[in-house]
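Using the working numbering, the first residue of the sequence shown is number 78, and each one after it goes up by one.
Treat the hints with care, since some could be wrong.
[Claimed, not checked] DSSO-like cross-link-like pairs, simulated, lysine-lysine; straight-line CA separation at most 30 Å: (1) LYS372 <-> LYS450; (2) LYS433 <-> LYS235; (3) LYS310 <-> LYS433; (4) LYS436 <-> LYS372; (5) LYS250 <-> LYS94; (6) LYS442 <-> LYS372; (7) LYS323 <-> LYS454; (8) LYS427 <-> LYS465; (9) LYS377 <-> LYS341; (10) LYS324 <-> LYS94; (11) LYS454 <-> LYS324; (12) LYS120 <-> LYS377; (13) LYS341 <-> LYS372; (14) LYS433 <-> LYS450; (15) LYS261 <-> LYS372; (16) LYS436 <-> LYS94; (17) LYS120 <-> LYS341; (18) LYS121 <-> LYS132; (19) LYS93 <-> LYS310; (20) LYS134 <-> LYS324; (21) LYS427 <-> LYS454; (22) LYS134 <-> LYS323; (23) LYS372 <-> LYS235; (24) LYS316 <-> LYS377; (25) LYS442 <-> LYS125; (26) LYS465 <-> LYS323; (27) LYS316 <-> LYS250.
Since the hints were derived computationally from the structure, they do not count as laboratory data.
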Amino acid sequence: MNNTANNHFVPQGYLKKFFDENHCIYKCDLENSSKIYEVTDIKKECCKRNLYTVKNKITYNEIEYFCQIAGFNDEVEINFCKRICDYINGDYSNFISDICLSGIPKAYWPVFMDYIKGFVNDKFISKSQENIFTAVYENDFFNILNQIIESESIDFIKNNVDLSKISLYLYAKLEGFLHTSALKIIYLKIKEEHPNLPSIKEYEEKIKKLKYNTNMYLNLIHYLIIQYFRTEKQINNLKNSLLYLKKQWKEKFINIALPDYIEKFIEMNEESFIFIFLHLRSIYLVEYLINSGYKLIILKNNTETPFITSDSPCINIFASYINSFELQGDDFEIYFPISPTLALLYTNRKGYKDTKKTKITLNDKNTILQFNKSIKKLAKRYLYSNQKSILVI
Numbered sequence: 078m079n080n081t082a083n084n085h086f087v088p089q090g091y092l093k094k095f096f097d098e099n100h101c102i103y104k105c106d107l108e109n110s111s112k113i114y115e116v117t118d119i120k121k122e123c124c125k126r127n128l129y130t131v132k133n134k135i136t137y138n139e140i141e142y143f144c145q146i147a148g149f150n151d152e153v154e155i156n157f158c159k160r161i162c163d164y165i166n167g168d169y170s171n172f173i174s175d176i177c178l179s180g181i182p183k184a185y186w187p188v189f190m191d192y193i194k195g196f197v198n199d200k201f202i203s204k205s206q207e208n209i210f211t212a213v214y215e216n217d218f219f220n221i222l223n224q225i226i227e228s229e230s231i232d233f234i235k236n237n238v239d240l241s242k243i244s245l246y247l248y249a250k251l252e253g254f255l256h257t258s259a260l261k262i263i264y265l266k267i268k269e270e271h272p273n274l275p276s277i278k279e280y281e282e283k284i285k286k287l288k289y290n291t292n293m294y295l296n297l298i299h300y301l302i303i304q305y306f307r308t309e310k311q312i313n314n315l316k317n318s319l320l321y322l323k324k325q326w327k328e329k330f331i332n333i334a335l336p337d338y339i340e341k342f343i344e345m346n347e348e349s350f351i352f353i354f355l356h357l358r359s360i361y362l363v364e365y366l367i368n369s370g371y372k373l374i375i376l377k378n379n380t381e382t383p384f385i386t387s388d389s390p391c392i393n394i395f396a397s398y399i400n401s402f403e404l405q406g407d408d409f410e411i412y413f414p415i416s417p418t419l420a421l422l423y424t425n426r427k428g429y430k431d432t433k434k435t436k437i438t439l440n441d442k443n444t445i446l447q448f449n450k451s452i453k454k455l456a457k458r459y460l461y462s463n464q465k466s467i468l469v470i
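Whenever a hint applies, use it, and build me the whole structure from the sequences.
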C-alpha cells in the first residue's frame, strides 16, 4: 500500500494559487522573529513525516470502544468505521471478498487470497491515509476550485442536497474508493510476482460506469470540514485533548471501577481514535451544518491588499476572537482563502443567510486586514502570500 512518509496537510496545488507572477510565494515564520522567505519549491511546505500514519494495527475491539465513547451506535456507523480501519491497517480481505469473484480471473483467486493472508499477518506494517486525503477529498475539491477561480463565482455549485441522504452519499463515496483502491493495490502488488496476470482494465471501466451522480455542493462542504481537521495543528489539538481527557478520567475515578469500554478507551492509541474520528465526525458535521441552514458565500477582494493563507488555512473565524473555552455550539463559521482575491465563507450569521447573493465584493482594506489577522492568529507557524510586505501584520 502507499507508505508515503511526507504527508502534506495543506495541498501543494492549493498553495500554488497564491503564487505571484514569478511563480513564487512568500513565507513568514512566526516562530523565528517573523522572518520572511521567498519560496519557489513548495514540496517541503505544510507537510510532516508520518502525520497520517498509525504505527500499530487498529483492532475491531478498539473500534467498538471508540463508537461507544463517541456515541456512534448505529450498525452502519460501526461498519463504516471498520472499513476505514481495514484500509488503514492494510487488511484488504473484507474488500476483496466482495469483488474478487467478478473482478479477478478465477485461476488467480488462490494467489490473491494467499497474498491477503500474508499481508494481514504483517503486524508492523506502516499504514498511511495519504490515499484517502488525496484521491477522495482533494480530487473533487480541485475540480471545483479551478472552476471557482476561473469564473470568480459559485453559482454553478447548486445546493440541491437531499437532507435525508447527506451521510449516505458521503459514506458511499468513501466506501467506493476504499473498495476500488484495495483491488488496485493488491493487483499491482501481485503483478510484480506474476507478470502474466491478465489486465483488470475492463473491470475498472465497469466500476466507473457504476459511479453514482456526484454532488459538487456536498463535495465542497465536506472538503472544507476535512481541511479544517486534517492539519498538523488540529491533529495535535485533538491528540492533546484526548490525552488530557484520559488523564482527567484516571485522576477523577482512580478509586472507582470504570465501565469496561472506558477502561479500554483509556488504553487505546491516540492515533487509532483520531483518524477514525476525523473521517466519521466530518460527515456528521457536514450533515449538521447543512441542516442548520449554513450558507456558502464567495468573497471577492476588490482591494490592493491580498488575502493571505497559512499552514492552517481553513479556520473558524469565531475562534480568532473568542476564547476557545468560551466557544458555544453555534460559534462556528468557516473562512477559507482560495487565492489572493477570493475566499469562501460558510456561515450561519443572519446578515449573510438573509441575502440572496452568493458573492460579496469587499472594497474596504480594513476588512481584508481583519480576515488576514484571523488567519495569522490561528496559524500554527507559517503564513503565505503573493506579496512580501503584507506578511508584516
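>> Please verify whether LYS372 and LYS450 have alpha carbons no more than 30 Å apart.
In response: Answer holds: LYS372 to LYS450 is near 23 Å, not above 30 Å.
> Would the pair LYS310 and LYS433 pass a check requiring their Cα atoms to be no farther apart than 30 Å?
Replying inline: At roughly 35 Å apart (the allowed maximum being 30 Å), LYS433 and LYS310 break the hint.
>> Check the hint pairing LYS250 with LYS94 against an upper bound of 30 Å on the C-alpha distance.
In response: Satisfied, since the Cα-Cα distance of roughly 27 Å is no more than 30 Å.
> Is the hinted pair LYS442 and LYS125 satisfied, with a Cα-Cα distance of at most 30 Å?
Replying inline: Not satisfied, since the Cα-Cα distance of roughly 34 Å exceeds 30 Å.
>> Against the 30 Å threshold, does the CA-CA distance of LYS324 and LYS94 hold or violate the hint?
In response: Roughly 43 Å separates the two Cα atoms, so the pair is violated.
> Is it true that the CA of LYS316 sits at most 30 Å from the CA of LYS250?
Replying inline: holds, 27 Å
> Has the given pair, LYS442 with LYS372, been kept, meaning a C-alpha gap of at most 30 Å?
Replying inline: holds, 24 Å
>> Need the status of pair LYS120, LYS341: alpha-carbon distance at most 30 Å?
In response: violated, 40 Å
>> With the threshold set at 30 Å, check whether the alpha-carbon distance from LYS134 to LYS323 stays at or below it.
In response: Holds. LYS134 to LYS323 sits at ~21 Å (cutoff 30 Å).
> Is the hinted pair LYS377 and LYS341 satisfied, with a Cα-Cα distance of at most 30 Å?
Replying inline: The given pair, whose Cα atoms are some 50 Å apart, is violated under the 30 Å limit.
> Are the Cα positions of LYS433 and LYS235 separated by 30 Å at most?
Replying inline: holds, 13 Å
> Does LYS372 lie within 30 Å of LYS436 when you go C-alpha to C-alpha?
Replying inline: Cα-Cα ~11 Å, so holds.
Comparing the model with each earlier hint shows violations of hints 3, 8, 9, 10, 13, 15, 17, 24, 25, 26; every other hint is respected.
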